[in-house]
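A.B. asks: Residue numbers (this note's numbering), protein chains in the order written: chain F, 20 to 312; chain E, 7 to 392.
Rather than coming from a laboratory, the hints here were simulated on the basis of the structure. The C-beta atom is built at its ideal place from N, Cα and C for all residues, glycine as well. Mixed in with the good hints there might be a few duds.
Claimed, not checked - One-sided and incomplete, this derived list gives chain F residues near chain E with beta-carbon spacing under 10 Å:
#1 88
#2 110
#3 133
#4 245
#5 249
Claimed, not checked - Here are the computed lysine-lysine pairs in the DSSO-like style, where the Cα-Cα straight-line distance is at most 30 Å:
#6 112/F / 212/E
#7 88/F / 208/E
#8 212/E / 88/F
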Amino acid sequence: MLNVLDETVNPIEPFLRSDRMPHIWCPGCGIGTTVNSFVRALIESKVDLQSLALVSGIGCTGRVAGYMKLDSFHTTHGRAIPFATGLKLANPKLNVVVYSGDGDLSAIGGNHLIHAARRNIDLKVICVNNLIYAMTGGQTAPTTPGHATTSTNPYGTFEPAFNLPHLLDAAGAVYVARWTTFHVRQLSRSISEAFAKKGFSFIEIISPCPTLYQRRNKMGDGLDTMKYYKEKSKVKHGAPTGEVGLTLNGEIAVGKFVDRDRPDYQTMMRAQYVETLGDRYLGDEVETECVCG
Amino acid sequence: MKADPHGVLTGTHFMDGDHACCEGALAAGARFAAGYPITPSTEVVERFAARVPTVGGSFIQMEDELAASITLQGAVWGGAKAFTVTSGPGFSLMMEHIGYAAMTETPCVFVDVQRGGPSTGLPTLPAQADMMQARWGSHGDYEIIALCPNSPQECFDLTIKAFNFAEEFRVPVMFMMDEVVGHMTEKVVIPPADQIEVTPRKHTHKSIEDYLPYGTNGDLVPEMAHAGEGYKFHVTGLTHDERGYPNMTPQTQDKLVRRLQNKILSAVDRICLFEEDRLDDADVVVVSYGITSRVAQRAIDAGRARGLRVGKLRLITAWPFPDKKIVELAAHVKAFVVPELNLGQMVREVQRAAAGKAKTFAVSHAGGGVHNPDEILNAIVEASRC
Chain F
20 MLNVLDETVN
30 PIEPFLRSDR
40 MPHIWCPGCG
50 IGTTVNSFVR
60 ALIESKVDLQ
70 SLALVSGIGC
80 TGRVAGYMKL
90 DSFHTTHGRA
100 IPFATGLKLA
110 NPKLNVVVYS
120 GDGDLSAIGG
130 NHLIHAARRN
140 IDLKVICVNN
150 LIYAMTGGQT
160 APTTPGHATT
170 STNPYGTFEP
180 AFNLPHLLDA
190 AGAVYVARWT
200 TFHVRQLSRS
210 ISEAFAKKGF
220 SFIEIISPCP
230 TLYQRRNKMG
240 DGLDTMKYYK
250 EKSKVKHGAP
260 TGEVGLTLNG
270 EIAVGKFVDR
280 DRPDYQTMMR
290 AQYVETLGDR
300 YLGDEVETEC
310 VCG
Chain E
7 MKADPHGVLT
17 GTHFMDGDHA
27 CCEGALAAGA
37 RFAAGYPITP
47 STEVVERFAA
57 RVPTVGGSFI
67 QMEDELAASI
77 TLQGAVWGGA
87 KAFTVTSGPG
97 FSLMMEHIGY
107 AAMTETPCVF
117 VDVQRGGPST
127 GLPTLPAQAD
137 MMQARWGSHG
147 DYEIIALCPN
157 SPQECFDLTI
167 KAFNFAEEFR
177 VPVMFMMDEV
187 VGHMTEKVVI
197 PPADQIEVTP
207 RKHTHKSIED
217 YLPYGTNGDL
227 VPEMAHAGEG
237 YKFHVTGLTH
247 DERGYPNMTP
257 QTQDKLVRRL
267 QNKILSAVDR
277 ICLFEEDRLD
287 DADVVVVSYG
297 ITSRVAQRAI
307 DAGRARGLRV
317 GKLRLITAWP
327 FPDKKIVELA
337 AHVKAFVVPE
347 LNLGQMVREV
357 QRAAAGKAKT
367 FAVSHAGGGV
377 HNPDEILNAI
387 VEASRC
């Protein structure tokens, strides 16, 4: 439980691998802020930590798995979702969270993202979107807004960007929300709501990369970005996802865009087998004795 | 331990190699597979998809081979024995995750039913041209194990062996079939479950406080834990220390990568399986594997009928390569004849191990069929004269 009386203990610290500090994130980076909100959601939702597994891909956000004191997997670039899918299918009792960046999840991992949403695999996906490839030095991502300057588009980007909530809505996610790192409490609440849902949940967090994105685009430092998020964000719960795309300096629509129910993959799988195989269906749980003796 | 009877289809069957491979996986305890359709391998997972709901477990058809080859690894860390099945183009896509399995020491099996390449090549016709890819396809230094069945019966027997090696050494095992072996139908005898030896996962018995995910006690293979058991361990493809924590130093890299190699190399004698025949008086040794070994058998018999002193060395384990056996033979034979359905892959290994002490004759074939035994016989005749 959150210990507010003992000021010597940071309530987040028991959830972290303190022996791995300091972390690699830059001053002003938003990823640590998202981790704070994530942990607060774990505390508030009383999530059983033993059955919680965290899967990350590659990139700055990909390092989250390594810093959290949980069963954690730092996988290959773009493949956190299929790894998490295998983990969940082999052990349905696990509560599996995918925590990764926009490039990892929507570019190299884009195919897995839409298919996992289509299947409605019971995963909570937290996507920290810093609008750029940060780990590799600030290259254009599928999420980079038009006209932003990046190291690979030094004269400004001209490709249309993904509107991730729209993509995930179309692909079938049961829960889609977006916040910025300014909205720490709302974000925490959204993560808690996702934990209460069964199926594929997607939470996008717009997060600064002062070192590469804000600096190159003359948007100031971390504090300036917070002011920007505060001024330009507009809460639009239930907004049609087709209308929440981001621009370089424009409004940031935030809120819960999708919250619906449909059966998740494993529920549908079991129902199908029970209907067609009857008593011959032996279930999908793997017996540990059969593996470990 | 003995096989779980649920997965064992005891009896005498008439089935093809692909189906026999599936039955081998089930007998070995595989309860999870992820796959993507590709000729000539798809029958393995088609059968698995039909069988596994009645055995207890699941199959998922993923969106591509990149996904399939990592989904299965998620399942392994979730507590299942798992595998995937593919052919050349899909095998190419799986290379990164073979490296991930090697680095994270995830026990699993990759089945490659080889077809003609490069690229899309000959989807429905055989080749053995992925042999070097199986060994070297992912980046960096690592060791894997590769087995080569030459009959549906061996597709059953050696698939169990592949899973057993995977568990014993915590390594990805390549099961290198070919289109002919995969689609050939023969008698397959599946013994009762209590006659099938299955290697259990090297699961830790240590307490949560004492457990070091990548610590070893001299035998070079660390003990494993599964997600959800309370160990709160970390797995990464980055260079890591015994705690599983990333550590970017040359010292940690050296220690880790050498251990990944040595855990296999120190057990080569046990891992290297081969079949030999009439080697005692042989001048010429035909070294072959997979379907080619069955064509070579005819050439060897024909050579003997002509009075040629020719013997057989069939590689069941292709990787690690049985250097010691070749060195031993090279000391007293004149030559090796190496037929394979590629333009010269394993022959390079024979040549390297023979180190000039015996000559090496390649009998290459670009794939799309099997050799005419006469081509191999001609090479035997030529080799006998050298």
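A.B. asks: Look at each hint and say if it fits the structure.
C.D. replies: Structure-based check of all given hints:
At a threshold of 10 Å, the smallest CB-CB gap from residue 88/F to chain E is about 5 Å, leaving the interface hint in force. Given the 10 Å rule on beta carbons, the hint for residue 110/F holds: about 4 Å separates it from the nearest Cβ of chain E. Contact between residue 133/F and chain E, as hinted, is supported at the beta carbon level, the nearest pair being about 8 Å apart and thus within 10 Å. Checking residue 245/F against chain E by beta carbon gives a least distance of about 30 Å; that is not within 10 Å, so the hint is violated.
Contact between residue 249/F and chain E, as hinted, is not supported at the beta carbon level, the nearest pair being about 35 Å apart and thus beyond 10 Å. A hinted pair counts as satisfied when its Cα atoms are at most 30 Å apart, and residue 112/F with residue 212/E qualifies at roughly 23 Å. Between residue 88/F and residue 208/E the alpha-carbon distance is near 23 Å, which keeps this suggested pair within the 30 Å criterion. Between residue 212/E and residue 88/F the CA atoms are separated by roughly 18 Å; this keeps the pair inside 30 Å, and the hint holds.
Checked against the numbered hints given earlier, the structure breaks hints 4, 5 and satisfies all the rest.
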